[in-house]
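Number of protein chains: 2
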Amino acid sequence: MNQASASRVTGLPFILGLALCVLCAVKLPAARAEGALPSWNDTSAQQSIVRFVDQVTRPGSPDYLPPAERIAVFDNDGTLWSEQPMYVQLAFALDRVKALAPQHLEWKETQPFKAALEGDMKALAESGEHGLLELVMATHAGNTTEEFAGVVKDWLATARHPRFGRPYTELVYQPMLELLAYLRANGFKTFVVSGGGIEFMRPWAERVYGVPPEQVVGSSIRTRYEVRDGKPVLVRLPEIDFIDDKAGKPVGIHQHIGRRPILAFGNSDGDFQMLEWTTAGGGARLGLIVHHDDAEREYAYDRKSPIGRLDEGLDEASQRGWVVVSMKTDWKRIFPAGGSAARQ
Amino acid sequence: MNQASASRVTGLPFILGLALCVLCAVKLPAARAEGALPSWNDTSAQQSIVRFVDQVTRPGSPDYLPPAERIAVFDNDGTLWSEQPMYVQLAFALDRVKALAPQHLEWKETQPFKAALEGDMKALAESGEHGLLELVMATHAGNTTEEFAGVVKDWLATARHPRFGRPYTELVYQPMLELLAYLRANGFKTFVVSGGGIEFMRPWAERVYGVPPEQVVGSSIRTRYEVRDGKPVLVRLPEIDFIDDKAGKPVGIHQHIGRRPILAFGNSDGDFQMLEWTTAGGGARLGLIVHHDDAEREYAYDRKSPIGRLDEGLDEASQRGWVVVSMKTDWKRIFPAGGSAARQ
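Protein chains in written order, with my numbering: chain B, 5 to 348; chain H, 5 to 348.
Just to be clear, a hint being listed does not mean it is correct.
You can't tell identical chains apart in this list, so a pair holds if it fits in one copy or across any two.
As the list claims (entries may be wrong) - Within a straight-line C-alpha distance of at most 30 Å, the following computed DSS-like cross-link-like pairs (lysine-lysine) qualify: (1) 336 / 102; (2) 102 / 112; (3) 250 / 235; (4) 332 / 118; (5) 332 / 235; (6) 308 / 235; (7) 112 / 336.
Hints are computed from structural coordinates only; laboratory data are not their basis.
Only chain B is shown next, with the shape it has when bound in the complex (with noise of 0.2 Å):
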């Protein structure tokens, strides 16, 4: 635009106009909340987030942070998804046993893929971690980085909870897809900090949580760069890499992220010491925990389960400060309106 046609546009419309395009430009600095977390009752669970979010982006606060520095992480099982019967990615593995048995035969005899097969729980736990090792390296290895993600899609697009009977990307919770948009619309970048594997969550977790593949973290396997045919590819390898649990997520998050976040929220004793590192830094900090007491809309399980055990967290999340978040009597509901999640 050149002065002389600059001059005759302008205004009061045409200022007006510029304000205007400015406040939808520019986010918001100060939080905003009214109807960004519909899902949450107004307790005092919700108010801390408000508060916490207010006290890091609204500018002048004593604790305010440059966006660059609003970095959160959720643990994925239990926090962001439902992880009962079992984990998602366990039932992945059994159905994977399955589809693969025809070109091993010598898996109805051997365990633990016998186990899977019958889908005897039992004698599956018997087999131990070296079994659920074995199963995972025979399931999630051999193939290819692209070859994986393809199975990994393939199966979420056809496999059904076993209770709720809906695809498991729709049993994720809620009030945490709107608490991760609500803290990127303040700015913050929002990770995925996972025991689960990364590779299993890539695929989908944009799609579903609007986390980009670059900022999930979760265990891994190694993979060996190859040339085939002049192609080349990544190969999974039936080697352990890293495993993104208890006191490996603090060192995953400074792998991956290498900066300490200011939010942290998990749901099991595996996410404490990704907890207690979040919460140990300076200036304003949050650590949040789902509570699992919902056995009605979910499931109630905490102290004594063998899955997303809680125990240490429970006992410590008063002095530490961190939030318990009661599925029950914070959350308004639990999964999104069906269908939702379910688009591929």
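Given chain B's structure and the hints, the job is docking chain H onto it.
What follows is chain H alone, placed relative to chain B:
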């Protein structure tokens, strides 16, 4: 704004204000290079870059990609900053040996430390890979991640390049700083993918390159989470975790980014697989190589250099469609004006 007030301001000036703002707020869809790459000569190298950015960002282009998929990766040593006469990180390690020597009197008589203390590069080279590894572990491990970041920052604040007499963070390539900014202005996410230590780069990459810690990929040693006197720390262990070089680069890229880049820029055969992996993907891809052919303004080296050897890359660039960027003819200037990158 309610309907009544909206109708009062409706009209051409308002619409023009609105349109102007939309133009300002939304990133310009098509690539704009005018003024964005002032340190690049108007040669085919610059034209390749601008054409590629236009291809992937112009709506309607058959190669258009949404911003989430605009991933660009850059090697560091020799691509973003000078790597001669020795890798900056080696200069750091040698200075660190001197700083730590009073606590290790035995180093006076033990290789490779004796060689490091005496500046005997021949003896140092003779200590081989094992010697270098010992040197790295003694100078890079044993402290916490926060302590190490402080040591790196302190060293960079005072260390000077032997030939140019400037801080190493000022010996970054001005044309590359412009390219990083130009790509980001066109919706790209820029990553550093270096054979150098990830924790050696993160303390300054954001300030100097505009690349945040979570977008730095590099070699690493293991860390362990510990609580010391109630304060959690990550302790750096003297064990290699990952070497992000050669065939390790696609592995590191996949581990950290989880998505294949569309643009890769390197300078040595250590970057070969990174360029191969990047440019083997579908759609528009761009591979680029800095050719150090300017002994006057920087250094001239390629096929026979022990540091940053470029041999296979030169042989194959043409048939693979990779752009070889000549420092001498494609770059107007090499380094930023004095002082600009030295601020802490």
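**Message:** Hint compliance check: list the failing hint numbers for this structure, sorted ascending.
**Reply:** 1, 4, 5 and 7
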